[in-house]
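First to last, the protein sequences are chains C and L.
With the first sequence counted from 1, adding 7 to any position gets you the working numbering.
With the second sequence counted from 1, adding 342 to any position gets you the working numbering.
Quick caveat, the hints were computed from the structure, so don't treat them as lab data.
Cβ atoms here follow ideal geometry from the backbone N, Cα and C, with glycine treated the same way.
Quick list of simulated restraints, FRET-style, between CB atoms: (1) C:R73 with L:A455: 19 to 27 Å; (2) C:R73 with L:A449: 22 to 30 Å; (3) L:V358 with C:I43: 33 to 41 Å; (4) L:A365 with C:K201: 23 to 31 Å; (5) L:I369 with C:M279: 39 to 47 Å; (6) C:W106 with L:I372: 30 to 38 Å; (7) C:S10 with L:S445: 47 to 55 Å; (8) L:I452 with C:D74: 23 to 31 Å; (9) L:D394 with C:W106: 18 to 26 Å; (10) C:R249 with L:I372: 18 to 26 Å; (11) L:S406 with C:A168: 38 to 46 Å; (12) L:M466 with C:R141: 31 to 39 Å.
In silico contact screen, one side only, chain C against chain L (beta carbon under 10 Å); selected entries: (13) H46; (14) S59; (15) T91; (16) V228; (17) A237; (18) T241.
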Amino acid sequence: MLSILGGLLALSVGAGFVGALSGLGGGVFIVPALVILAHVPMYVAVGASLISVVATSAGASVAFVRDGWTNLHIAMVLECATVTGAVIGAYMAGLIPVWVLELLFALMMLQSAYFSLRKKGDDLLPKGCRIAERLELGGELPNPGAAEIHYGVTNLPGGFALMVVAGLMSGLLGIGSGALKVMAMDYIMHIPLKVSSATSNFMIGVTAGAGALVFLARGDVATVIAAPVAIGVTAGALTGSRILPYADVRWLRMGFVVILVLIAIEMGWRAMTGV
Amino acid sequence: MRAEEEDRILRVWTPVILRTVLAAAAIVLILGLIAMATVPGEYVDHFRAVQDNDRVKDYGNFLSLLIRAWHGNPRSIMTLGLMILTLVPLARVAFCLMFFIKSRNKAFVIFTAYVLAGLAVGVMLGRIG
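Please put together the full structure from these sequences, using the hints given.
Okay, structure coming up:
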């Protein structure tokens, strides 16, 4: 038992650690690790990953919420979109052939790799679109000891639409879809990158929770896999987030892009050949 | 109540909810793993069954799951831990819903109620299969 459990915990701690350092979350790495290395069926890996994503999101969100980086009002509006997508996605995951899921996973890996390379600076708007202003979605960047910097939120419908897609991918593939969520908030809604990342991380818990509930209620969560994975990924993510401030992010990012492309190739190959 | 005041209150209570439910889930999960370690072969057998694509429902209904967990069944204890873990987002959204009802913020009452309803639909869809 100890060798299997130890191996599973090591894989999970590693996935959580790399997920935290890359900013992509543990789900992106634990699903392929379980499928390729632990020889676990895809739907079991997806169910276990969804649960671990809930845990890491909750653990990492505490500091971001407390320090004011998470925009709670934006999160609650956009969660309507992600939950809709996640419930549909998790339900469909039980019906869609495995090779389609593997192919989608490979495409999401490439999207995450592209996103990692394209991260840009902030483009702050003093005022947002009418609907965002009415819902008071704009906020202030935490800036202790200095003048507050206000940011507005624009193109809420566009961001909302992309969030449905992010939720759908999360439910289907067991990932947090953080890269897609940050992309929607940063590029489309012009929310500052750090606020986008913190808010995305916060929302991931509800998105993955919606999917995890479908899997749990269906009895598709293998407890012997999901329990150690949840504990391991959370421990790895917490360690990774402590090391992150001292790491050279530029080189790390290049390394992760290579890993993501390799995973995409492996998952794509499995989808095409059925191996 | 203004958005800034709402934000201040939510920023205090949301981390408390997240931390409390997460800690409860972690304790139950670790207890389940320890319980499983005391039964020789139990973990390995189930792991191999999962690898062989043997779909095993881990619980029938919630009451029977609770009874089995109470009697020390390792898998039931772990399933209970995983259920508590999925309560993290549910508890947080439920708190926000009650908060927005109290502060009479109609738009956000609708948003949070929709999210809660979505999570409930997820459970129902899962039970249907």
